[in-house]
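Given chain L's structure and the hints, the job is docking chain Z onto it.
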Amino acid sequence: VIAGPLLLLVLPLLMAGVVYILLRWTALSALLAVGTAVALGIVVLTLPVDQPVRVWGGREIVLGETVTFFGRELVLQQADRIAMAFLFFTAAGIFFLAWREEPRSLLLPMGLGLLSLLSGALLIRPLIYAALLVEIAAALSVFALQAEGERPTRGGLRYLTFTTLALPGLLITHWLMERYALTPDATELLSMSAALLTISFSLLLGVAPFHTWVPAVASDSVPLAGAFVLTISNGAVWFLLFDFLETYPWLSSHPRFDPLISVASLAMVILGGLLAPAQRRLGTLMGYAALVDSGAALMALGIGSKQGLVLSLLSLLMRPFGLVLMAAGIGGLRASSGGADDLDALRGSGWRAPWSTAALLVGGLSAAGLPVSAGFVGRWALGRALTPSDVGAALILLLAGLGIMIGIWRGLTALLARPGNSENGQNQNTGSPDHSEGGLRAVVVAVAIAGCVVVGLFPQILAPLAIQLVEVYTFFTP
Amino acid sequence: VIELLASVSFLASMPAVAGVLVTAGLLVISRNWRITVTALALQYFFVVLLLTRLIYPEVAAVKGLTGWLICMVFYLTERRASAIEQTEVPEKGEPVQRWRRWVLSARASFYLLAGMLVSVVAYTVALRFPLPEVPTDITIACYLLAGLGLLLLGLSQAPMQVGIGLLTFLSGFDLFYVALEPSLAVAGLLGAVSFLIALAAAYLRAAEMAARGEEVIL
Chain L
90 VIAGPLLLLV LPLLMAGVVY ILLRWTALSA LLAVGTAVAL GIVVLTLPVD QPVRVWGGRE
150 IVLGETVTFF GRELVLQQAD RIAMAFLFFT AAGIFFLAWR EEPRSLLLPM GLGLLSLLSG
210 ALLIRPLIYA ALLVEIAAAL SVFALQAEGE RPTRGGLRYL TFTTLALPGL LITHWLMERY
270 ALTPDATELL SMSAALLTIS FSLLLGVAPF HTWVPAVASD SVPLAGAFVL TISNGAVWFL
330 LFDFLETYPW LSSHPRFDPL ISVASLAMVI LGGLLAPAQR RLGTLMGYAA LVDSGAALMA
390 LGIGSKQGLV LSLLSLLMRP FGLVLMAAGI GGLRASSGGA DDLDALRGSG WRAPWSTAAL
450 LVGGLSAAGL PVSAGFVGRW ALGRALTPSD VGAALILLLA GLGIMIGIWR GLTALLARPG
510 NSENGQNQNT GSPDHSEGGL RAVVVAVAIA GCVVVGLFPQ ILAPLAIQLV EVYTFFTP
Chain Z
184 VIELLASVSF LASMPAVAGV LVTAGLLVIS RNWRITVTAL ALQYFFVVLL LTRLIYPEVA
244 AVKGLTGWLI CMVFYLTERR ASAIEQTEVP EKGEPVQRWR RWVLSARASF YLLAGMLVSV
304 VAYTVALRFP LPEVPTDITI ACYLLAGLGL LLLGLSQAPM QVGIGLLTFL SGFDLFYVAL
364 EPSLAVAGLL GAVSFLIALA AAYLRAAEMA ARGEEVIL
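Residue numbers (this note's numbering), protein chains in the order written: chain L, 90 to 567; chain Z, 184 to 401.
In isolation and in its complexed conformation, chain L is listed as follows:
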């Protein structure tokens, strides 16, 4: 009998090794990475938790069987199933795009390794070990974020720094909670834990003023690896936050929980919305778009009800469509301009990389939460939920979306500038003149764009998952 948690941890690790060895053969390595992620996503979503399923050679898989590892339990709970399926399917999408955008990069093997660690973080109990696994994942992310043959990325180091600084708070909280269980009268232990958890999760989620790693990861790294961190690693941290709220229900009922979340989310949305249109690099624009998106998810959580939780989860599920597409577009445009992503270097590149430009545009629309894109689904629903109680917050959210679109518009203006339209009358593009996107790359990007639009037009594809997931969490149940 194979225990499900063991399969979810070991298989991606094994495949990471295989993919690393086969990295030279781009199609084969990408196929293996995508296949592994899709297969695990399907396994975790479809197999019954409590019944054995017979597979190869008479072996059986019991998905819900608890595994003990050095005295710690690895257990697949109902809430983890959808969370892990989200991680696996998003990773599959990123690996699929990486096949054409970042061939031979360390993203494929490292991504599989990270999937194993992040799955472990969601499965392991007690939660302190999850914090340690997230930290190890952050250290490994540095290898994927660093582009080969380029100077060290500020993003990878910043991300590692902020994750390391978040570690002590999460670990000490566990000890404080153990002490509180022994001395229930010592309520100051709860206040201390709440403060530590607030600081730690602010660092991990990039809440202002601890947001500086977010634009750094988006701008100074391999774009799709940056998107991996901002969607999958960050998504795992969100699910970890929900696990903490579920394990310690007094956190969400703390009198300062709602105001704190509201202030933090507003700060993120305002900061991202104000700074996005001022960016002259597409990478940093993507970073501030991610900041607004995280702020929106936090704003939904701040509603403090089941409806808010649904909207928060919906925002998380829709996020990859915007950010991954933007990253794919930026990656393609960088390749066409010799590695730079500032507007001056990219002037006129849109004509030579039309599919990358289209990916940037559609991804930007989704990150901004505008219609005909996946991001619109969550943002529109959140706006409608906020309007009756807090028109100001809804308006700020809308304006932040417009801020991102202004940034995208500025980018498009530069990308689609004709050689004769540049300020000094010359095409400043320094990229290789023979660069072209290629038919296969166009197909891959077109599929991703179509996915984003289809989910935007038919939200019923993903929305039920968010509703299903909320039923598992009880911390907002009156």
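Warning: the hint list may mix true and false statements.
Stated by the list, open to error - Among the chain L residues that face chain Z by a calculated CB cut under 10 Å, a handful are:
1) Gly160
2) Ala227
3) Ser230
4) Gln235
5) Gly238
6) Arg240
7) Pro241
8) Thr242
9) Leu246
10) Arg247
11) Pro257
12) Trp264
Said to hold, decoys possible - If you want a taste of the chain Z side facing chain L, the calculated C-beta under 7 Å gives, among others:
13) Leu336
14) Val345
15) Ala394
Keep in mind the hints are simulated off the structure, nothing from the lab.
Keep in mind it's a predicted model, so treat the numbers as computed, not measured.
Just so you know, even glycine gets a beta-carbon here, dropped at the ideal spot from N, CA and C.
Okay, now just chain Z, sitting in the frame of chain L:
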């Protein structure tokens, strides 16, 4: 290693704290990789000495070995980087005069002042907010390591300095946390975290040198 630790156990109080202060201070001030790697190795030695008062010497020794392995990673990386840099010196001009090495630059003076300020703050905080489950001298060492590690993080964006800053910060936390959670699994995972941070910093340093090498060739 355990016998060595037993023979110097008389140092495992304020002398070790002073050692931590000096070595962490050197890490903040110096940008010479030989001094930095030596200071980091000594810092791990003093941290291990203090750890022997909180956990089994065997576990402390394993933590020390992990730390010295990290120093070896840094040493090998910097030695290679130094060799590459030396080949570039003739193109950049005259090497630095020997006597200048012994004069504190304006940058080093500023770092020294900042390090002293952080040390005073760490000492004051240690007296006003003592950490639970650990004696006062170890509390001071924890705050010193965490404070000077954070200072190092704030002062530099170079991969090695950031890596060393993170490791110093983690050493301070580890010194405190072993008293709260003496579990071997946590100790092992924290060791893995430290080692991976060192590998990531070394990888980025190697990438920096490779990129510089390509620029020189171009």
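Verification of the hints:
Against a cut-off of 10 Å between C-beta atoms, the interface hint on Gly160(L) holds, since the closest Cβ of chain Z lies about 7 Å away. The beta carbon of Ala227(L) comes within 9 Å of a beta carbon in chain Z, closer than 10 Å, and the hint placing it at the interface holds. Here the hint on Ser230(L) is kept, as its CB sits about 9 Å from the closest CB of chain Z, short of 10 Å. For the restraint placing Gln235(L) at the interface with chain Z, the shortest Cβ-Cβ distance is roughly 5 Å, inside the 10 Å limit, so the hint holds.
Among the interface hints, the one on Gly238(L) holds; its C-beta lies about 6 Å from the nearest C-beta in chain Z, closer than the 10 Å criterion. Proximity of Arg240(L) to chain Z holds as hinted, the smallest CB-CB distance being about 5 Å (cut-off 10 Å). Evaluation of the Pro241(L) hint against chain Z yields a held restraint, the C-beta minimum of about 4 Å falling below 10 Å. The restraint placing Thr242(L) at the interface with chain Z holds, with a minimum CB-CB distance near 7 Å, inside the 10 Å limit.
About 5 Å separates the beta-carbon of Leu246(L) from the nearest beta-carbon of chain Z, less than 10 Å, and the hint is met. A least Cβ separation of about 9 Å between Arg247(L) and chain Z falls short of the 10 Å threshold, and the interface hint therefore holds. With 10 Å as the threshold, the beta carbon of Pro257(L) comes within range of chain Z, its nearest partner Cβ sitting at about 5 Å, so the hint holds. Taken as an interface hint, Trp264(L) checks out: its beta carbon lies about 5 Å from the nearest beta carbon of chain Z, inside 10 Å.
For Leu336(Z), the suggested interface contact is upheld, since its CB lies about 6 Å from the closest CB of chain L, less than 7 Å. For Val345(Z), the interface hint holds, the least distance from its beta-carbon to any beta-carbon of chain L being 5 Å, beneath 7 Å. Interface hint status for Ala394(Z): upheld, as the beta-carbon distance to the closest one in chain L is roughly 5 Å, under 7 Å.
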